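Residue numbers (numbering that gives the first Met the number 0), protein chains in the order written: chain E, 0 to 319; chain C, 0 to 250.
No wet-lab data here; the hints were simulated from the structure.
Keep in mind that this is a model prediction, so the values were computed, not measured.
The reader is advised that the hints may include incorrect statements.
To be verified - Rough simulated footprint, nothing fancy, chain C against chain E, three-plus residues with beta-carbon under 8 Å:
hint, segment
1, 181-187
2, 190-198
3, 201-208
Cβ coordinates follow ideal geometry from the N, Cα and C atoms, glycine included.
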Amino acid sequence: MLGVRRVHDLLHRHPSISPAVILLLTCVVFTVLNQRFAAPAALSLLVQQTAIVAALAIGQTLIILTAGIDLSVGAIAVLSSMLAAMLSVPPSVALLVGIMAGFAAGCLNGLLVTRIGLPPFIVTLGTLSIVTAAVLIYTGGRSVPGARLPDLLTWTGEVINIGGFRITTGVLMVAAMYLVVGFALGQTAWGRHVYAVGDDPDAARLAGIRVNRVLFSVYAVAGLLYGLAAWVLIGRAGAASPNAIANANLESITAVVIGGTSLFGGRGGLTGTLLGSLIVQSFAVGLSLAGVDNQYRLLAVGVLVIGAVSVDQWIRRVRS
Amino acid sequence: MSVALEGRDLVKRFGRVVGLDGVDIDVRAGEVLAVIGDNGAGKSTLIKCLTGALVPDSGTIAVAGKPVTFRRPSDAQAAGIETVYQTLAVAPALDIAANLYLGREQRRPGLLGSALRMLDKRGMRARAEEAVRNLGIDTIQNLGQAVESLSGGQRQAVAVARAAAFGSRVVVLDEPTAALGVKESNQVLALVERLRERGLAVILISHNMPHVWQVADRIHIQRLARRAAVITPATHTMSDGVAIMTGAAAA
Ligand SMILES: Nc1ncnc2c1ncn2[C@@H]1O[C@H](COP(=O)(O)OP(=O)(O)O)[C@@H](O)[C@H]1O
Ligand SMILES: [Mg+2]
Numbered sequence: 000m001l002g003v004r005r006v007h008d009l010l011h012r013h014p015s016i017s018p019a020v021i022l023l024l025t026c027v028v029f030t031v032l033n034q035r036f037a038a039p040a041a042l043s044l045l046v047q048q049t050a051i052v053a054a055l056a057i058g059q060t061l062i063i064l065t066a067g068i069d070l071s072v073g074a075i076a077v078l079s080s081m082l083a084a085m086l087s088v089p090p091s092v093a094l095l096v097g098i099m100a101g102f103a104a105g106c107l108n109g110l111l112v113t114r115i116g117l118p119p120f121i122v123t124l125g126t127l128s129i130v131t132a133a134v135l136i137y138t139g140g141r142s143v144p145g146a147r148l149p150d151l152l153t154w155t156g157e158v159i160n161i162g163g164f165r166i167t168t169g170v171l172m173v174a175a176m177y178l179v180v181g182f183a184l185g186q187t188a189w190g191r192h193v194y195a196v197g198d199d200p201d202a203a204r205l206a207g208i209r210v211n212r213v214l215f216s217v218y219a220v221a222g223l224l225y226g227l228a229a230w231v232l233i234g235r236a237g238a239a240s241p242n243a244i245a246n247a248n249l250e251s252i253t254a255v256v257i258g259g260t261s262l263f264g265g266r267g268g269l270t271g272t273l274l275g276s277l278i279v280q281s282f283a284v285g286l287s288l289a290g291v292d293n294q295y296r297l298l299a300v301g302v303l304v305i306g307a308v309s310v311d312q313w314i315r316r317v318r319s
Numbered sequence: 000m001s002v003a004l005e006g007r008d009l010v011k012r013f014g015r016v017v018g019l020d021g022v023d024i025d026v027r028a029g030e031v032l033a034v035i036g037d038n039g040a041g042k043s044t045l046i047k048c049l050t051g052a053l054v055p056d057s058g059t060i061a062v063a064g065k066p067v068t069f070r071r072p073s074d075a076q077a078a079g080i081e082t083v084y085q086t087l088a089v090a091p092a093l094d095i096a097a098n099l100y101l102g103r104e105q106r107r108p109g110l111l112g113s114a115l116r117m118l119d120k121r122g123m124r125a126r127a128e129e130a131v132r133n134l135g136i137d138t139i140q141n142l143g144q145a146v147e148s149l150s151g152g153q154r155q156a157v158a159v160a161r162a163a164a165f166g167s168r169v170v171v172l173d174e175p176t177a178a179l180g181v182k183e184s185n186q187v188l189a190l191v192e193r194l195r196e197r198g199l200a201v202i203l204i205s206h207n208m209p210h211v212w213q214v215a216d217r218i219h220i221q222r223l224a225r226r227a228a229v230i231t232p233a234t235h236t237m238s239d240g241v242a243i244m245t246g247a248a249a250a
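Assemble the whole structure, with the sequences as input and the hints as a guide.
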């Protein structure tokens, strides 16, 4: 079976090939079903809708690369957005405090994982509840409508028209986040250490890597990225609501997993995550254009997740 | 010859198991010290305590006569001590060049390196190739290969190459020929001799008595968590050594 082996080798080396193929197929099928899928209007919508989950999935990718998981993604982003929207200080200060609150929450996760040595699942399950409760207590459960938001906060929702495609400054910001973090992962020693720690923490330590420092930095950076994503979220929603992005945890994990990053750590990357986020949203846009009920979207995403993890298991088996 | 690395009265317990029960060890610059002993005698624990992988419960360590405290492997590396652990500390998904430079990556010259902290991948690759060639390790060919695609012997060669390339004072090898064939084993032994010629101190743990008697200057015999004796190949035969190791003869 030389052919299968070749495919295995290729996927092993380039884990983002499978999500790229899936995204391509998805787009082709949906365009055949309804040509409006390929029109600038639908594609613009697709990109704008993808931005939030794609932004949150950056931090999630970093954490999953270290064989961790983050269940507090959405809660932290909401915390950042509500602080930025509700603090009675100048908007720029409020925004900064909001973003730094995300960073602080990430640092808390990192401290608990590295100092106390608790599993990331438990730590972030705990901070999910704590942060959610704090937000509800602080806001009393009330949203801030767009009319009461300063321009700075809704700036990320401003539309830029490029030849019929309508993207937002928020989308550009998310693209910049991908470039910067992608560079750090692929071109710096820190990125290599993130992979090495996820691959085999004991080996990484013996090789001279400060494992706990790397882990802490990953959670801290993820928190900062959630804070920035919160800004994009406010612009997209045109309001700040404590009940926004209720499904952020599962959606970000879904995007990462469909993108080919291994839940066992050490394998994958941001290209896959971006593709994974796009796949999930193209199902949403494509199925609704095809007039299919939303329940089928969930069904399709479920099948994709299980498929992606199965492929990962297969890819991880090393030929010897 | 000056003592490169020494441990005094090292004690390490794992719960109720005593891994090291007050062990002394010293290795001089320009010598090969072999460590032999039965399974569970404490050989790996001893070198882990000397290289920062474990922190001893008590006892002292000195490098070139100066007392040191190693809290982690990177502390020992900073003191010029490189180790090939029995478990081979390699990152399977990374390629060979990345593994050789793991934990001491080099950056690009200029602003790319200083401001953007960008890795000098090409430079590291070239220098890794040169180092592997100089070490006479011909089991490693393509340095862009992921380590997980290598055989056990090749992985061992990667770990040995890393230690040999970066060790500036002491190189410690914990059973480096365990997974190797005859030819590869001989390459590692030749490498050990070259490290000694370069004036480095080498600690070699091995179960292979002919290898030990071939390259060692002195032999530290570890038995039941203690140092049973230190002998030399000139004064003791292999069967003498094995007898001390197993307790059949007194030191
Ligand atoms: N991490 C550990 N936890 C518990 N016991 C250990 C650990 N490491 C070593 N030991 C025990 O310490 C003793 C010495 O082990 P080791 O140093 O690995 O021996 P050797 O390398 O000579 O075979 C053994 O009894 C072993 O079971
Ligand atoms: Mg051992």
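In ascending order, which of the hints set out earlier in this document are inconsistent with the structure? No numbers; nothing is violated.
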